[in-house]
Amino acid sequence: MTISTRLKLIPFALILTAATAFAAQPGETSPPQTVSRSAPISESAPVSGSAIGLSDSAGLRATVFGTPPEDMATLPAKVPLSEINIELPWRLPVPGILWFDSKLRVWLSAQNKPAPLAVVISGTGSDGNTKTISVLRAALYGAGYHVLTMPSPTFPGFIVSASHTGVPGDLMQDGADLYAAMQAIIAHLPRKVRVTDIDVLGYSLGGANAAIVKSIDATEQKLKIHRVVMINPPVSLFSSVGRLDRLFAATIGPGDRAVDLLYRRLYAQIANLYRASDRLELDENFLYSAAAVTLKTDAEFSAAIAMTFRLQLVDMFFIGDLYAKTGVITDPAHPPRVGDSLEDIQRDLRAKPFADYFTRVFAPYYLMRRPDATSASLIAANRLDIIADTLRDDGDYYAQTNSNEVIINRRELTWLQDTLGSRIVVYDHGGHLGEVGDRQQVADMLDMLSGHWPRSAP
Amino acid sequence: MRAAILAGIIALALGGCASQVASIRRVPDETPAADNAAAAANAAAFAEAAAAESGNDSAHEAEAHKAQEAAPLLTPADAPPMYTYDPWERLNRFTYRFNARFDEAIFLPAADTYRRAPRPIRAGIHNFFGNLAEIDSIINYTLQWRLKYGLRSLERLAINSTIGIGGLFDVATKLKLPGTPTGFATTLAKWGMHPGPYLVIPLLGPSTLRDGVGYLADYGAGYGINVANLYRGNISWGLLVFNGVDQRANINFRYYSGGSPFEYETIRFLYVRRRLIEDEGLHTKEPAKKAADEIPAGK
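Protein chains in written order, with the numbering used here: chain A, 1 to 458; chain B, 1001 to 1299.
If we strip away everything but chain A, and leave its shape as in the complex, we get (with noise of 0.2 Å):
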């Protein structure tokens, strides 16, 4: 009867994305490779290779359940937390079905004493307030950081609120967008939070966004950025969605017909778990355990990971072709207005690959843009090779990731360890994300930030 029990049901949708324990074993870091010069990473089509990246049965695992508890680093008992709303000045005008995201939002948890500033930057699709920006946040308030967290530039709410152009995925115009608005929050941090430093980090694609805004404010020098750490970076946005793609029909099957049986499946199986239970209501706690009852088996794991990232994606694709005016989901001529139904536009989403995204959106609203572009250039534009030369001869630049990454494959890994050397840790475990907190992985971070890597340095 009380509004609680009827709002409760929002954790349904963490079916998908559960967080509970059984993830992979905890195992010892394999040592960074040593450097070598190599050549850039060659241009063929953006998807290739395995469609699970590097992952095992244990990645997979570890990307659906996240660090076990047990592993986990201490954190502190306590951390304060504000939210900042900007309303930034070269916003483009807000269409009407999206009055909601007209304002960008922040979280910064302050220091009351002079202390560096670490910004923190989210994953694909992902807001400023994530579970894995909880962790990292609780990390680095501990270790004495002021910490301010960002969403991704591919973000609903920082399309909408932060982008110059509302067609998000462009490496490099993303990474000034994320600048711009970086410079505007922390211009406007309150008088009494004094920050010594400035140092960015960013996991999945915010690591990628990350590296970039650091290469923007080496030139621009407005923020004066000392060191980056990329936690499971993508090497290439367009080919690790390509993988997820492909992920995505290899587990889930082509088109929403596939979509509809994945659900009636989960429906039939949650139903009759909860029968099977004395519970009254349908709460959090019972949809983790079915999570844990429901999920075993690596190809409803990836299934998970596939339809995560699938949903994701829908609202960028329908907010960037909305801003493109390319008229792929919607007419650009009569765009939906307050009131009208979404649902089958929502539906026809996502049944849609990513790539379709790329040669029907963005594509074609760059190439009228960049008279020089072609779609192999925009390929080649958004992999993180662009700075290559930044990142092996700047000292600043650090990475973490594993060996059983979903995102990226063998070539894109040993790119990462040959451009980076001794600055990229490589663990045996996690998959993606799912080494996130624990205590190897925060120890490693810390000590990136604070110039102490590689630790057998002098």
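For the record, the hints were derived by calculation from the structure and aren't laboratory data. Take the hints with a grain of salt, since some may be wrong.
[Stated by the list, open to error] Derived Cβ-Cβ restraints for the label pairs, each shown as a range:
#, chain 1, residue 1, chain 2, residue 2, range
1, B, LEU1147, A, GLU284, 25 to 33 Å
2, B, THR1075, A, SER82, 47 to 55 Å
3, B, PRO1076, A, ASP344, 17 to 25 Å
[What the hints assert, rightly or not] Interface residues of chain B toward chain A, partial, derived using beta-carbon atoms under 10 Å:
#, residue
4, ALA1022
5, ALA1033
6, ASN1036
7, ALA1037
8, ALA1040
9, PHE1046
10, PRO1076
11, PRO1081
12, MET1082
13, ARG1090
14, THR1173
15, THR1182
16, HIS1194
17, ASN1226
18, GLU1280
19, GLY1281
Ideal Cβ placement from N, Cα and C applies to all residues, glycine included.
Given chain A, work out where chain B should sit, using these hints.
Relative to the frame of chain A, chain B by itself:
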């Protein structure tokens, strides 16, 4: 006067917050160490339960077999379609938007202020309202003919109203009598009423026609019984507001925090599916009705 205040609140909600360039708002502290300890305890409890279950597999199988005889297991074909019956969509979307704005401008700031009160005081208030709700639960468990739970609610009411000093302390939960509130919405479901059209209720949020009628009946029952003149006295209005703020402060939900243009669709989908699964739980003894593909969920 009351109407004027209400009009003012609504105008403020529709107008949105003050529009300065940057605003900073303190939100509740995070407690990572305690959260992680709780997650570890949860995982341990779950692992223990799983181990116990695999320990007496045969007993479990027999039980499952018995349950299956009572009602065959659902198959994917029995799942309701992904479409939801929502004939009042335009009005619902308007209400949803109003609720989001009201929440941002009034409800959430009030809940944040309330959260600053010392924990024991908040717990006392929460327990007090929970204790009052037991009366409704007793009535409804009786109407649902689930007398075991009705008796538990009765015991809880008796213990908490006396030893718990008018409901301020939840002594019953410590005596292994956990609260499991129910209401007319569940009673109507138990009696076999379909959820009907999706309905977004002003201030309260997602619902269905059946559940909406249920909530109205819950309020009516409280008003009719009027314990200690709390529902019809001079302070009833204030109590209602306090109850609302207390409820809101205990819900971890923020409108449009995902920034998604499809939030209305997503919430509607999740709400109706959750209620339908809970209905399945209520009807374990009767075979589930086969869902026809062309009928949207909820109809």
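Each hint tested on the structure:
| no. | hint | verdict |
| --- | --- | --- |
| 1 | LEU1147/B x GLU284/A: 25 to 33 Å | holds (28 Å) |
| 2 | THR1075/B x SER82/A: 47 to 55 Å | holds (50 Å) |
| 3 | PRO1076/B x ASP344/A: 17 to 25 Å | holds (23 Å) |
| 4 | ALA1022 | holds (4 Å) |
| 5 | ALA1033 | holds (5 Å) |
| 6 | ASN1036 | holds (5 Å) |
| 7 | ALA1037 | holds (8 Å) |
| 8 | ALA1040 | holds (4 Å) |
| 9 | PHE1046 | holds (6 Å) |
| 10 | PRO1076 | holds (4 Å) |
| 11 | PRO1081 | holds (8 Å) |
| 12 | MET1082 | holds (6 Å) |
| 13 | ARG1090 | holds (5 Å) |
| 14 | THR1173 | violated (15 Å) |
| 15 | THR1182 | holds (7 Å) |
| 16 | HIS1194 | violated (16 Å) |
| 17 | ASN1226 | violated (18 Å) |
| 18 | GLU1280 | holds (5 Å) |
| 19 | GLY1281 | holds (5 Å) |
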